[in-house]
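Enquirer: Protein chains in written order, with our numbering: chain B, 1 to 204; chain L, 1 to 461.
These are computed hints drawn from the structure, not numbers from a lab.
Wrong hints could be hidden among the right ones.
Listed below are the simulated DSS-like cross-link pairs for lysine-lysine, each with C-alpha atoms no more than 25 Å apart in a straight line [to be verified]: (1) B:K199 to L:K8; (2) B:K190 to L:K162; (3) L:K103 to L:K75; (4) B:K164 to B:K69; (5) L:K162 to B:K199; (6) B:K35 to L:K92; (7) B:K191 to L:K162; (8) B:K199 to L:K257; (9) B:K127 to L:K314.
Owing to the predicted nature of the structure, the values given are computational and were not obtained by experimental measurement.
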Amino acid sequence: MEKFTKLISTAVPLPIENIDTDQIIPARFLKATDKKGFGDNVFRDWRFTKDGTLDADFPINKPQYAGAKILVAGDNFGCGSSREHAAWAIVGYGFKVVISSFFADIFKGNALNNGLLPIQVTPEYLKELLAGIEANPELPITIDLENQVVEMAGVYAEQGRSTKAEFDIDPYKKVCMINGYDDIDFLLSKKAEIEAFEKERMVF
Amino acid sequence: MGKTLFDKVWDAHVVDTVDNGPQILYIDKHLIHEVTSPQAFNELEERGIPVARPDQIVATADHNTPTENQHLPIKDEMSRKQLQQLTENCEKHNITLYGLGHKYNGIVHVMAPELGITQPGMTMVCGDSHTSTHGAFGTIAFGIGTSQVGQVFASQSLLLNKPKSLRVSVNGTLAPHVSPKDVILYIISKIGTNAGTGYFCEYAGNVFEEMSMEGRMTVCNMSIEMGARGGMIAPDQTTFDYVEGRKFAPQGDAFAKAVSYWKTLPTDQDATFDKEYHFDAEDIAPMLTYGTNPGMGIKINGAIPEKGDMTFEKALEYMNFKGGAQLLDTPINYVFLGSCTNSRIEDFRIAASYVRGKHKAANVNAWLVPGSQQVAKQLEEEGLKEVFEEAGFALRQPGCSACLAMNDDKIPAGEYCVSTSNRNFEGRQGQGARTILASPLVAAATAIAGKIVDVTKEAVA
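Chain L on its own, in the form it takes in the complex (with noise of 0.2 Å):
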């Protein structure tokens, strides 16, 4: 019988295989950053063990860090101490750190791709649940606790069943205005957040073929809020044209030999999934999340269900949402473009074409947060940062920002925000307030109207 692509990665990894028990599953690369990697580091003294690999770890700074002066101190004291202590663990355990400031330092789901640290055939794991987002590539990525971070900086390696296998196939075509985001809120609005619980899932089908690795991305990132450990999709001549040419892909033979490997890793014919969905891509519109989980997804000019359990009740009630209504038209006044999910110069690029030549509406804050140094420096160059500040948004400077509101960049209690970010949880943005999950395109068109409005109906650009 066939290998999935899933099965041909995992196997290639394992070390070990423990009698009725877990594998021992070998990592190629360990991403870190602040949060989730102080306490293993303190693992580690405790024991008195050293880091095995650190030339296989790389560190940034992220969730923490503020969006405005990057060049002076951090007010907040946790913070400056929090990222002051990854500075220390990762000079004295020789992992390479890309700081605030320095010209690589990004969202780690954003600047390990684009640095080419990110390729096919990989297993990667981060103290972090989007981790998934690197599946884009071909790779089993997957977020990890605290405790496996240090598991990995001991041995390069975690203790892990191998999850079952799920497909989702989405073929067709794509209606104008809908984006990869939307595609992946749609898949989670018909499955469920748990669907995909002790599942890795693959995305197959000509959507996913024909859509740019950006849009991958933003598909595999949003797999943990169906409840995956990881989503993949299989590598193609858009995955090896991507990875070409950045700084830590292989070069020159090495490339193409690697190619020539890669091409034998998506999945057979004749291989089988444990379970498997089909969607039609006509049947997809530009989504709104109404409820306070990414499964609570409605169509734009849809309306929220009418009734629901004890949960969808509270969900609404914290959202101040009435069962039956239509989101058009309810006025917004903070629209949040970032985070690991929206953040790549592609939605930027989306959401300035909406907005050249408009101007954003007065009640709106927009908060335009690229996701690494490397996206702030493509929007100066070519000229998206000037059409945004012509269009009266401001553009702040990279990290986690509100997506999950650890830095100042918090939305007040009460206020609507539609963000490109990938959680609705309750006091996800700051607490009270209510996140409505979007795609960068009508977070755009938001900010300009300052109410949801319809972007079907608008011409295609």
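If we strip away everything but chain B, and leave its shape as in the complex, we get (with noise of 0.2 Å):
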């Protein structure tokens, strides 16, 4: 897994809530046995119009938009199908953070998994985020892993707005992320507790 400490990038607003893990990867494109290439198929039913081309009003297709590595999604992201390939299908378009005001567990735990950083902003602060890019598509945002803040660049703050806020991450992940360590090295550490365990637990 790549390691996440800081990123600086613009971002893309996709403001639609219950954001379901069918619509970020469609189950037809599921049959793939490996973890690469669904980036080419992200969103797909919504960045493509029905004769195959590119819907040029879907926000991530918008040009103003292009490169951006942050995704600014409504409430409820990720919802549905616990098809990891959703996260798979983020990262492998280029994306390394999503910021929405909810995610769904599973979702959550996929893109933690994957070096994708989902950071949970109030409901208020997302909307400001949104103002914030819509006014002005290259303002850059900065995530900042270690001290967990999201920030907008400074020119907001004098119009009164709030341009930054903290976010919450559970310290465990915080330190796989930054490190890029993930959940098998550490399962596999604890071999002997596990096995402990099986001996003492009731058998099914």
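With the hints in hand, could you dock these two chains into one complex?
Expert: Next up, the structure:
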């Protein structure tokens, strides 16, 4: 897993609520047996028109957001299917961070296991962020994982906007993200404890 | 202070706790299928580590499988390859696989309970969000991502933070024609699709106590649709009677011993929950969804809300419905009776009792897809296959089918499908397909009428 400490990037606004993982990567693309290539089909049915061309109106396709590594989405992002392919597709497309006011549990876990940082902010700050991006698509946003802060470039402070927000992350997951560790390494280091537990437990 | 059912099962499986961090939870049973396991097997391969406990893993082929001509090689190359890979991985790692054609093959959440693999007090995981189904037995069962599938392969454990507790109580008497599917669709329509996020839910009250195991599975199955990782119902005599005698259930003295443990699991009187909801059974009616998430549900004779936010408007546009309108009399060309929510024998019995002696409407394509080979066998033995065939329906072979349309069972763009599955997301049943979630009874009535009809006006069978 790639290490994550700090990121400064522009962001794409996608202010739709309850974006489910079927939209992030439709089921017909789940037949691959490796993790590669899913980025090509991220948001497939929203990103492309019916005749298979890129839909110029879909935010991710707009030239002003090209190269953005942050996705800012509406409430309850990643609900629905447990498919980790959704995280692989978002990472594969080039995003490193998803910001929303709420994440579905399984998606959040899947994201963290793939070096994709899900940042939960208040609905108020999400609104500020979306307005900020809309006013200036080139607005740089800083993600500082060490200090758990997300910040829009300073210009908005002069207009009395709240530009900065702190976010929570599980301390264990933070260490994993910063160092590029994953859970398998950790669990394997606990093999003796797991085996001792197995000897004691009620057998099914 | 007393403990909840969830606390009791969780605490009995904690191997260790990381300081200021997650806990290591031991997993009793790991279910796998072809779609979310290959990358996890690759991960082990790359790291050169073995599967820790192959005898605690059961595999089946379901998401991708065709529902016709299962004896022939699969036409779709990608699907064939994915299933082949599952077979090879299971052989290599000594994992039991109930592949296509095996008498125990079926949808993972249908075949595991019917084989007695699912038992009260267990921890169970699967790379599928509807693993919550198994909570019907008083089991902590939840869906996981593929990285976690790899973790369970490697260690038979998972690193997790203990979720908060939620209780949804429904008491009173359900009206005729109201089924377990309606109960859960009603609950989600009331509390929304993210009310359960961060929580594990317990369903309590006489409505669930009086429900069959199959009904309880339908309810727990859709816990994920309100955001909860899982739902649970306390094990009781109904649970014990269902488990007893099944192939992998404990037998004889071992069963009696297990039951005496299972009886200690229900939530203590003085236990408290982080969040509680109460509903009256009398307020529940047969339900339909009108939008593109399972929370967008109304009573069958109710009206679509007038106005909503941007997400609401987007959903209505996709479904081509108008705010304030009723869904009754909407012509429907596709009906899907199947999925891990409603493909059990009881679901087909209810549908058959309605269909018997009637004939499906000419405009309807009705897909009846049993959840497992064993359900398919039962359908024949009970003469239900005949009832459906006389009514013009065709029974297909088991699999996930048009619930997620990974195989050829896709609803064409723009068509409405009354579906007993669990998700009405955009494109879920095929690109552009418009899904209306409903109970098996409502699905059967739709197939006969060729349009949505008010089943509450029908005589009680």
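Enquirer: If you test the structure against every hint from before, which numbers come out violated?
Expert: none
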